[in-house]
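Novice: The task is simple: from the sequences and hints, build the whole structure.
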Amino acid sequence: MNTELLAALTVFVLAILCGFAVISKVPATLHTPLMSGANSIHGIVLVGSMFIAASATDLLSQVLSLIAVAFATMNVVGGYVVTDRMLQMFRKKPVAPRPADVEKAA
Amino acid sequence: MNTELLAALTVFVLAILCGFAVISKVPATLHTPLMSGANSIHGIVLVGSMFIAASATDLLSQVLSLIAVAFATMNVVGGYVVTDRMLQMFRKKPVAPRPADVEKAA
Amino acid sequence: MDPLEVVVRLIWLVGAAGFVLGLMRMNSPATARNGNLVSAGGMTLAILATLVLLAVDGLSATGWIIIVVGVAIGGGGGLYLARGVKMTAMPQLVSLFNAVGGGAAALIAIDDYLRLGGPGAAAGAISLQISIPTVLDIVIGSITFTGSLIASGKLMGLKITPSRPVIIPGGRLITGAMVAIVVIGAGYLWLGNVSVPVMFLILAAALVFGITMTLPIGGADMPVVISLLNSFTGTAVAMAGFVLGNDVLIIAGALVGASGAILTKLMADAMNRSVLNIMLGGFGGGEGTVAAAGGAGASVRELGVDDAAIQLAYAQSVIIVPGYGLAVAQAQHACRELGELLESRGVDVKYAIHPVAGRMPGHMNVLLAEANVPYPQLKEMEEINPEFDRADVALVVGANDVTNPAARKPGSPVSGMPILDVDHAKAIIVIKRSMGRGYAGIDNELYANPKTGMLFADAKAGLADLVTAVKGL
Amino acid sequence: MDPLEVVVRLIWLVGAAGFVLGLMRMNSPATARNGNLVSAGGMTLAILATLVLLAVDGLSATGWIIIVVGVAIGGGGGLYLARGVKMTAMPQLVSLFNAVGGGAAALIAIDDYLRLGGPGAAAGAISLQISIPTVLDIVIGSITFTGSLIASGKLMGLKITPSRPVIIPGGRLITGAMVAIVVIGAGYLWLGNVSVPVMFLILAAALVFGITMTLPIGGADMPVVISLLNSFTGTAVAMAGFVLGNDVLIIAGALVGASGAILTKLMADAMNRSVLNIMLGGFGGGEGTVAAAGGAGASVRELGVDDAAIQLAYAQSVIIVPGYGLAVAQAQHACRELGELLESRGVDVKYAIHPVAGRMPGHMNVLLAEANVPYPQLKEMEEINPEFDRADVALVVGANDVTNPAARKPGSPVSGMPILDVDHAKAIIVIKRSMGRGYAGIDNELYANPKTGMLFADAKAGLADLVTAVKGL
Ligand SMILES: NC(=O)c1ccc[n+]([C@@H]2O[C@H](COP(=O)([O-])OP(=O)(O)OC[C@H]3O[C@@H](n4cnc5c(N)ncnc54)[C@H](OP(=O)(O)O)[C@@H]3O)[C@@H](O)[C@H]2O)c1
Ligand SMILES: NC(=O)c1ccc[n+]([C@@H]2O[C@H](COP(=O)([O-])OP(=O)(O)OC[C@H]3O[C@@H](n4cnc5c(N)ncnc54)[C@H](OP(=O)(O)O)[C@@H]3O)[C@@H](O)[C@H]2O)c1
Numbered sequence: 023m024n025t026e027l028l029a030a031l032t033v034f035v036l037a038i039l040c041g042f043a044v045i046s047k048v049p050a051t052l053h054t055p056l057m058s059g060a061n062s063i064h065g066i067v068l069v070g071s072m073f074i075a076a077s078a079t080d081l082l083s084q085v086l087s088l089i090a091v092a093f094a095t096m097n098v099v100g101g102y103v104v105t106d107r108m109l110q111m112f113r114k115k116p117v118a119p120r121p122a123d124v125e126k127a128a
Numbered sequence: 023m024n025t026e027l028l029a030a031l032t033v034f035v036l037a038i039l040c041g042f043a044v045i046s047k048v049p050a051t052l053h054t055p056l057m058s059g060a061n062s063i064h065g066i067v068l069v070g071s072m073f074i075a076a077s078a079t080d081l082l083s084q085v086l087s088l089i090a091v092a093f094a095t096m097n098v099v100g101g102y103v104v105t106d107r108m109l110q111m112f113r114k115k116p117v118a119p120r121p122a123d124v125e126k127a128a
Numbered sequence: 064m065d066p067l068e069v070v071v072r073l074i075w076l077v078g079a080a081g082f083v084l085g086l087m088r089m090n091s092p093a094t095a096r097n098g099n100l101v102s103a104g105g106m107t108l109a110i111l112a113t114l115v116l117l118a119v120d121g122l123s124a125t126g127w128i129i130i131v132v133g134v135a136i137g138g139g140g141g142l143y144l145a146r147g148v149k150m151t152a153m154p155q156l157v158s159l160f161n162a163v164g165g166g167a168a169a170l171i172a173i174d175d176y177l178r179l180g181g182p183g184a185a186a187g188a189i190s191l192q193i194s195i196p197t198v199l200d201i202v203i204g205s206i207t208f209t210g211s212l213i214a215s216g217k218l219m220g221l222k223i224t225p226s227r228p229v230i231i232p233g234g235r236l237i238t239g240a241m242v243a244i245v246v247i248g249a250g251y252l253w254l255g256n257v258s259v260p261v262m263f264l265i266l267a268a269a270l271v272f273g274i275t276m277t278l279p280i281g282g283a284d285m286p287v288v289i290s291l292l293n294s295f296t297g298t299a300v301a302m303a304g305f306v307l308g309n310d311v312l313i314i315a316g317a318l319v320g321a322s323g324a325i326l327t328k329l330m331a332d333a334m335n336r337s338v339l340n341i342m343l344g345g346f347g348g349g350e351g352t353v354a355a356a357g358g359a360g361a362s363v364r365e366l367g368v369d370d371a372a373i374q375l376a377y378a379q380s381v382i383i384v385p386g387y388g389l390a391v392a393q394a395q396h397a398c399r400e401l402g403e404l405l406e407s408r409g410v411d412v413k414y415a416i417h418p419v420a421g422r423m424p425g426h427m428n429v430l431l432a433e434a435n436v437p438y439p440q441l442k443e444m445e446e447i448n449p450e451f452d453r454a455d456v457a458l459v460v461g462a463n464d465v466t467n468p469a470a471r472k473p474g475s476p477v478s479g480m481p482i483l484d485v486d487h488a489k490a491i492i493v494i495k496r497s498m499g500r501g502y503a504g505i506d507n508e509l510y511a512n513p514k515t516g517m518l519f520a521d522a523k524a525g526l527a528d529l530v531t532a533v534k535g536l
Numbered sequence: 064m065d066p067l068e069v070v071v072r073l074i075w076l077v078g079a080a081g082f083v084l085g086l087m088r089m090n091s092p093a094t095a096r097n098g099n100l101v102s103a104g105g106m107t108l109a110i111l112a113t114l115v116l117l118a119v120d121g122l123s124a125t126g127w128i129i130i131v132v133g134v135a136i137g138g139g140g141g142l143y144l145a146r147g148v149k150m151t152a153m154p155q156l157v158s159l160f161n162a163v164g165g166g167a168a169a170l171i172a173i174d175d176y177l178r179l180g181g182p183g184a185a186a187g188a189i190s191l192q193i194s195i196p197t198v199l200d201i202v203i204g205s206i207t208f209t210g211s212l213i214a215s216g217k218l219m220g221l222k223i224t225p226s227r228p229v230i231i232p233g234g235r236l237i238t239g240a241m242v243a244i245v246v247i248g249a250g251y252l253w254l255g256n257v258s259v260p261v262m263f264l265i266l267a268a269a270l271v272f273g274i275t276m277t278l279p280i281g282g283a284d285m286p287v288v289i290s291l292l293n294s295f296t297g298t299a300v301a302m303a304g305f306v307l308g309n310d311v312l313i314i315a316g317a318l319v320g321a322s323g324a325i326l327t328k329l330m331a332d333a334m335n336r337s338v339l340n341i342m343l344g345g346f347g348g349g350e351g352t353v354a355a356a357g358g359a360g361a362s363v364r365e366l367g368v369d370d371a372a373i374q375l376a377y378a379q380s381v382i383i384v385p386g387y388g389l390a391v392a393q394a395q396h397a398c399r400e401l402g403e404l405l406e407s408r409g410v411d412v413k414y415a416i417h418p419v420a421g422r423m424p425g426h427m428n429v430l431l432a433e434a435n436v437p438y439p440q441l442k443e444m445e446e447i448n449p450e451f452d453r454a455d456v457a458l459v460v461g462a463n464d465v466t467n468p469a470a471r472k473p474g475s476p477v478s479g480m481p482i483l484d485v486d487h488a489k490a491i492i493v494i495k496r497s498m499g500r501g502y503a504g505i506d507n508e509l510y511a512n513p514k515t516g517m518l519f520a521d522a523k524a525g526l527a528d529l530v531t532a533v534k535g536l
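Chains as they are written, first to last, in my numbering: chain L, 23 to 128; chain H, 23 to 128; chain P, 64 to 536; chain X, 64 to 536.
Do not take every clue at face value.
Calculated cross-link-like contacts (lysine-lysine; reagent style BS3-like; alpha-carbon spacing at most 30 Å) [claimed, not checked]:
| hint | chain 1 | residue 1 | chain 2 | residue 2 |
| --- | --- | --- | --- | --- |
| 1 | X | Lys442 | H | Lys47 |
| 2 | L | Lys47 | P | Lys149 |
| 3 | P | Lys442 | H | Lys47 |
| 4 | P | Lys472 | P | Lys413 |
| 5 | X | Lys534 | X | Lys472 |
| 6 | H | Lys47 | X | Lys472 |
| 7 | L | Lys47 | P | Lys514 |
| 8 | P | Lys472 | X | Lys472 |
| 9 | L | Lys47 | X | Lys489 |
| 10 | P | Lys442 | X | Lys442 |
| 11 | X | Lys328 | L | Lys47 |
| 12 | X | Lys472 | X | Lys442 |
| 13 | X | Lys472 | P | Lys442 |
| 14 | X | Lys472 | X | Lys489 |
| 15 | L | Lys47 | P | Lys489 |
FYI, nobody ran anything at the bench for these hints, they're computed from the structure.
Specialist: And the structure:
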């Protein structure tokens, strides 16, 4: 085993431990948003997809990497937007109308 | 910056994140044991102390590394033992006497 | 390493830290939205840094086209779907996004394998260090891809993927065969052989496995299944990171893999199920079991709309208990209307939200928030339970299991699940269509309680009738 | 990398994982003890693997001697102290262990610097990559070393380190000068200069800084200070890891550095203080302020021992509220005796444990457990507070701030701190020596409450008198 792989393994294990530790006693109502938030994070695969797109020379590779980039971007963009929409539902208080708005209405 | 340092930095940052995540809503009664438990962990400096002991050639180095090894071992051994003693206080229920003990007493 | 690469890697590290800190903040309602933004910020940084690196390294015109077109298609599609979807359809969308993420991860490994083992490549063995993560990435990514698509389809109630458990004739056999192909194929490749056809065979088997694994599971269990597949995608992405030698993929992937696993367990625990049980297809028939009308419905008291309206209108305090039936009937707006009407008559109205009412965690919060029910009226289970003692009427709308007193006694499928103490109220009105059972498929002795009156109706129609009746008083 | 080194590094990784998982389990009382064992297991693995690596790499005889002798001395000493210490003296011991840990980390950097920059070394610049962590390690490690020793001494109440805040004449000036020396020295070395004397100058300044930083802080704030220094040691160890290029030191050190920082904040929050405030020496005079006898003691009702004994003996239920005074007077055994006596007469006795009663978190749990008070009788604040309404007598033993109703109103130093609702009991008996104030240095209007009777006595003597009196009834 070379140094690089060992370093990669170390990083892998530490990230797993982070993942275990990061989820603590979450109220059940946050389970779905949290799942959705984690779902967006693996959209990072877009970085990898861009790398294979950059080095694609034959047609097959180009097609595969195009699909990969499109898929990954969908994961990222859709994931974050839908999570944000879910979480909007959970704001503690309805935002008080700002004075300016009230004036306008009056 | 070379690859090695970058890898070390990555590991450093991930471990910090682990540290942040690992402490969640702890009941106040566990604060002291938790502090003591973390205190034992940095006794890992014993590993480093053994390395400098192994490569010490002049007297000054030898003395310094002897102190370092002694200090670090004290940190490790004392730390874990005292933490364990503290935590013994927190067991939920007094352990029921085992049947064997009861018989003996009878 | 040239300075640009060092900087890019440091930015990736910052991005990864953003993911961790973001997830941490998403653990509590007050900071959750901000946490998602932190995570998104980390993602943006990581992607921009990658683009700069590629640009400086001289990305070819074709490369640019692929990336721009891909981002445009994927981003546009994702945005369109995420913006347009109804609140109640969000879980299926999450599952869809999860599917494409897993697909992208698998594609990376496939592409890599074609380069190393394809016709144009230099002959020679592929080191274990590459072949292990490559095969794992292909297998896990493909299972996630088809599995999540099926899960999504089940939640949408598509014809080809009905929400009830689908028993395929010989399904176990097919699943078994697929597992065998994957295991043997992987072993063959890891022994040092290089073969593109075998890789494709593994790919195909994993895709089929994803389907046969998910089809037999009932629609009601899907949230847990989606969470599990989400964790799988994380693992696949981490494997892609090993294939490409890229730290940020490894970190983010492992993070999601691990946190997703914990989350899956929490979700299953909250509804008193074990993950293994769900994956093997347990009692989770969901609506499939509704047909079995309650045999214990011996001494049930039926209530007319007008009687119910009078009870509600002249109560001091009413607690509304929404459940899955409210969601199915899309009765949230009717529910809010009734609540407002009662409030305007001076009745104190509150909503009791059980954590697993409905079919996804937070289902009721999302529904009622969509209908603009004021947030302070929504009460979590722990908060509202002591108040049932003082409530005049508990109005149960399409909820069943979450009110079932059988949960307090051992020996039933819901035993041990904390429930809403509806039976402590002075009177109970239950709106549902029949004596049909809920998700757990068991009878509810609450309905036989002398304090309980049953108002048999579709939730939406029943609530609308109540509104009319109260207005007429 | 040769295979042995690979294996050793993997074992180190397993050890590090043990630390994280151990800390995670230490977050909840049920798993805490097991968590400490997991962490200790990881440590054992890491150390044994290191020994094997050194042995195979041909450790010299002198090397063996240093290690064996060092381990024997340190391990023996640590074990002796940890086994022998009284429960109430544990915080000072933790601080001592923390001091030696920081010292060891500093020694590693000192040794390394002597090798690279000392007379025998090849002349030439030391790269920033080494000089930055070396200097940081020396500075942080030394501050921790002396700072923790002082903190430990203060808690032991040694003459040279009295527990009250010590104001050194010109202290700020000295502290400022030390900071200047460290900053200038570090800058000098980081600019590429190599100089052992400058390194020793920095070392000396940091050692002095550790003393002048800690001396002015009151003994009562020490738990927070120790926790902060603990976090410092973690950071120093991580720096030692950078110096030696050793991952396991980096991981464990950073882990402790970060978790220690969070813990410090939690501890400070629990007693309603800010970390900055504490470090700059706030109101934390602790017993120093006791002298200021309460001026508000206008309408206080004094109670005789016999009256108090009658109230207690004929009550249905008594809640005992222990505080710092109980700890000072070492009255925990007398307290348990009284509790048992009352129980034997059919009185229902419970203990109300405020999370920050005493001078360290968990102080009361530890004390009462040592005196063998049955665990089920110890009630946490949230659990016991509703029960005061039904209690006949609340017996307050040497507690003050944690019962102060002023906390419910804004504008006092304790405002916002959750308190024990002692004033809800039908009658209140307070045992303390005088009208002296508690840690926060403010009066307690509870004592002026008509329901309250004051029994002025040392906690131990007072409780013993009560026992005698109750027996005589
Ligand atoms: N929240 C989650 O995350 C989640 C996920 C998966 C599973 N679950 C499980 O789902 C259950 C949730 O409990 P619940 O009380 O909300 O629901 P439930 O126990 O599943 O009961 C729903 C009831 O609604 C009635 N209903 C169906 N359609 C209706 C309509 N159009 N109008 C009026 N009533 C209608 C049904 O009775 P009729 O047929 O007589 O009308 C049924 O008994 C729990 O067992 C939970 O463990 C929850
Ligand atoms: N637990 C922690 O982690 C921690 C750490 C640091 C600070 N603190 C702070 O410490 C305070 C703890 O509150 P507390 O109510 O336990 O204690 P307290 O408010 O400090 O009051 C202790 C009282 O005990 C009395 N006392 C002293 N010696 C005594 C003796 N020998 N016999 C009988 N009584 C004696 C004193 O009054 P007399 O002089 O009249 O006898 C004093 O008023 C809080 O303000 C908390 O924030 C806590």
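Novice: Does each hint fit the structure? Answer for all of them.
Specialist: These are the hints, each one checked on the structure:
no. : hint                : verdict
1   : Lys442/X / Lys47/H  : holds (19 Å)
2   : Lys47/L / Lys149/P  : holds (28 Å)
3   : Lys442/P / Lys47/H  : holds (22 Å)
4   : Lys472/P / Lys413/P : holds (28 Å)
5   : Lys534/X / Lys472/X : violated (41 Å)
6   : Lys47/H / Lys472/X  : holds (26 Å)
7   : Lys47/L / Lys514/P  : violated (37 Å)
8   : Lys472/P / Lys472/X : violated (45 Å)
9   : Lys47/L / Lys489/X  : violated (38 Å)
10  : Lys442/P / Lys442/X : holds (27 Å)
11  : Lys328/X / Lys47/L  : holds (20 Å)
12  : Lys472/X / Lys442/X : holds (25 Å)
13  : Lys472/X / Lys442/P : holds (27 Å)
14  : Lys472/X / Lys489/X : holds (22 Å)
15  : Lys47/L / Lys489/P  : violated (34 Å)
Checked against the numbered hints above, the structure breaks hints 5, 7, 8, 9, 15 and satisfies the rest.
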